[in-house]
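Q: So the chains spell out like this:
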Amino acid sequence: MAYTGNILRVNLSTGKAVKEKLNENWAKDYLGGKGLAIKYLYEELKPGLDPWSEDNKLILMTGPLTGTIAPNTGKLAVAAKSPATGTILDCSIGGHFAPELKYAGYDAVIIEGKAKVPVYLYLEDDQLELRSAAGLWGKGAHETEHSIAETLGDVVTLAIGQAGENLLPFACISSELYRQAGRGGIGAVMGSKNLKAISVRGTGGLKIPDIRKVSMALNKIKREDTMDEENMWAYTDGTPMIVELSQTTGILPTRNFQEGTFEGHENVDSEAVKGVLRAKKACFACPLACGNYVEKGKSRVEGPEYETLALCSSNCGIDDLEAVIEFNRLCDDYCLDTISAGNAVAFAMELTEKGIHDFGIRFGDIDKYLQMPWLISNREGIGAELAEGVSSMADKFGGKDFAMHVKKLEIPGYEPRGSWSMGLAYGTSDRGACHLRAWPAAVEAFGDLDPFTIEGKAELVKDMQDDNSVKFSAIFCDFWAISTGRMAEILSIFLEREVTAEELTTIGERVYNLARLFNEREGFTRKDDYLPRRIYDEKLTTGKTSGKNLPFEEYEKMLSEYYALRGWDEKGIITEAKKKALNL
Amino acid sequence: MQISLKLRGPLKKYGPGAETFEYTVNANSCTVRQLIEIMNIPPSSVSFVTVGDKKAGLDTLLEGNEEVTVYPRVAGG
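Taken in order, these protein sequences are the chains called A and B.
242 is the number of the first residue of the first sequence in the working numbering; add one for each residue after it.
-5 is the number of the first residue of the second sequence in the working numbering; add one for each residue after it.
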């Protein structure tokens, strides 16, 4: 009952689709979501493949619990080889697409090839249509979704905006207007296939043998372990609460990571966001409803989330909440990842202020800032340069030491000089700088651990990466602080066999190593696991992190210790013994 | 002594209803840990406490007239 057992494989070059059986052995070893999507890509993509080529594949993968009433299981994994980094790329998107796909009868859709002209997919149960997207091409994701809904009625849609069409390496995929599969250019993979949108309607359901028993068990878990004090922050505040935590601990990226505190933080923190809150929104099967619908002046959006507040507010020196809300809305419509977009704008601001290259935009310049989403998405004016991301900008204009990225993916909203474990988490993340593979800041900078030591950090990061890998493969929302024991309990109900926490930890480790193996095959090694020099060489000067850097030699030691714990050699290559132990 | 107390997010329920309020402790001083105990807030629900605008440890001594904010645990990022 957990899986439908079906995968839909669509080839856009030929216009043909086939229904095939889910590989059950792989599902056992990788569960679903992140892990299973990576397994299919590892087996099916040729090493060295150009991610822009039509041979790249886009995978939409559900999990074994998708579509059930198990709490916080409504997300969808979207995966491909990243055009931004050349690494493996898996993203996660909330809303209602994933359960709808399951009700249509599929665990996954694998999209191959490239359409000759712009199209969108319409899937209803066993019926698939490739429809012309000629009238939608050039439109934002918001208009695209509305337009498709007018034509097809009650469907759930994944769409791209201008950024995806124009092949930006940080174009995202949008759904229900304000939910995104955000990072690594996943929207550009859709754009490269001339695929504007995917709409689904499922009229089927999932069979659960003893619904009364299952409901009672899940309601108990929901009461005791989901809607409790450890998780209800998501409802009462949502991620904007983290602005205050980051500001207090000196890890709020400010003016392109030149500082870790922002003098205008009170204008964009959780209190400020709550002041303009109009409604809450939840994904499918979620009792936490972290989404904040806000409205200020003429601007409205679902958000802004912490990452947007950090990268597009403090990091750009903008403390006007209305401007940040509008910037957020524009990015969502054109489908720009706000983490990378905020970084690119901030980098241009610093290059200008330092006199390295004049982009004509400076920190705090709201008028120019609000022009950026359109210019970047359409590669117009200075947007044509920013559209390539900070790594490419640094190659062309200089400023390499403060181009804030790892493996060409821009750094999220936690300053590593005030959270040394976050530095390691960014360096060893499978898709470039990412805070979702491990978020050790929660127990270090925000918790009881000393943020300015490497002691114990390698193990902390490794364990969190493994836990999150299985969490994103079973597909539980990141915002539910769920233990592997609880995951095992819920999976046991739906997989109808005893699943243990130990088994899940091994799956998590297997998934993380398979992602590394994919990257290793693409030529990634230790040399790629480093941070920008600013983090090692420049000391912060304000707040709790004043006088702090992350010394290079400390980072080196932490990285070596991490490799040893992982069973990788000094170059970061997975040993044969580790591969064998994990059945890779 | 009096403390200006702010209980954030779901921790609000341990106060009188408002998120920010004045709270009287029947002592001349107490630690952050003792304050949390007096308020009946389970320590496992707390991620973070600030006194003024600085992060405080559980053993930080309070002597009255401080602004104390207690944050819940957060996940994800």
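Incorrect hints may have been included.
Here are the computed lysine-lysine pairs in the BS3-like style, where the Cα-Cα straight-line distance is at most 30 Å [said to hold, decoys possible]: (1) A:821 to A:785; (2) B:49 to A:780; (3) B:48 to A:463; (4) A:461 to A:355; (5) A:515 to A:539; (6) A:287 to B:0; (7) A:515 to B:7; (8) A:461 to B:49; (9) A:539 to A:463.
Cβ-Cβ distance ranges computed for the label pairs, FRET-style [as the list claims (entries may be wrong)]: (10) B:47 to A:697: 24 to 30 Å; (11) A:779 to B:47: 22 to 28 Å; (12) A:764 to B:27: 34 to 40 Å; (13) B:18 to A:737: 53 to 59 Å; (14) B:15 to A:782: 31 to 37 Å; (15) A:261 to B:47: 55 to 61 Å; (16) B:23 to A:768: 37 to 43 Å; (17) A:792 to B:25: 57 to 63 Å; (18) A:737 to B:34: 38 to 44 Å; (19) A:518 to B:47: 30 to 36 Å; (20) A:469 to B:21: 40 to 46 Å; (21) B:52 to A:508: 38 to 44 Å; (22) B:-5 to A:697: 34 to 40 Å; (23) A:250 to B:38: 45 to 51 Å.
For the record, the hints were derived by calculation from the structure and aren't laboratory data.
Every residue, glycine too, gets a C-beta built ideally from N, C-alpha and C.
Q: Would you mind marking each hint as holding or not holding in the structure?
A: So, going through the hints one by one against the coordinates:
no. : hint                      : in the structure
1   : A:821 to A:785            : 45 Å, violated
2   : B:49 to A:780             : 20 Å, holds
3   : B:48 to A:463             : 35 Å, violated
4   : A:461 to A:355            : 47 Å, violated
5   : A:515 to A:539            : 17 Å, holds
6   : A:287 to B:0              : 56 Å, violated
7   : A:515 to B:7              : 18 Å, holds
8   : A:461 to B:49             : 35 Å, violated
9   : A:539 to A:463            : 38 Å, violated
10  : B:47 to A:697: 24 to 30 Å : 28 Å, holds
11  : A:779 to B:47: 22 to 28 Å : 24 Å, holds
12  : A:764 to B:27: 34 to 40 Å : 51 Å, violated
13  : B:18 to A:737: 53 to 59 Å : 56 Å, holds
14  : B:15 to A:782: 31 to 37 Å : 36 Å, holds
15  : A:261 to B:47: 55 to 61 Å : 58 Å, holds
16  : B:23 to A:768: 37 to 43 Å : 54 Å, violated
17  : A:792 to B:25: 57 to 63 Å : 34 Å, violated
18  : A:737 to B:34: 38 to 44 Å : 42 Å, holds
19  : A:518 to B:47: 30 to 36 Å : 24 Å, violated
20  : A:469 to B:21: 40 to 46 Å : 31 Å, violated
21  : B:52 to A:508: 38 to 44 Å : 31 Å, violated
22  : B:-5 to A:697: 34 to 40 Å : 37 Å, holds
23  : A:250 to B:38: 45 to 51 Å : 47 Å, holds
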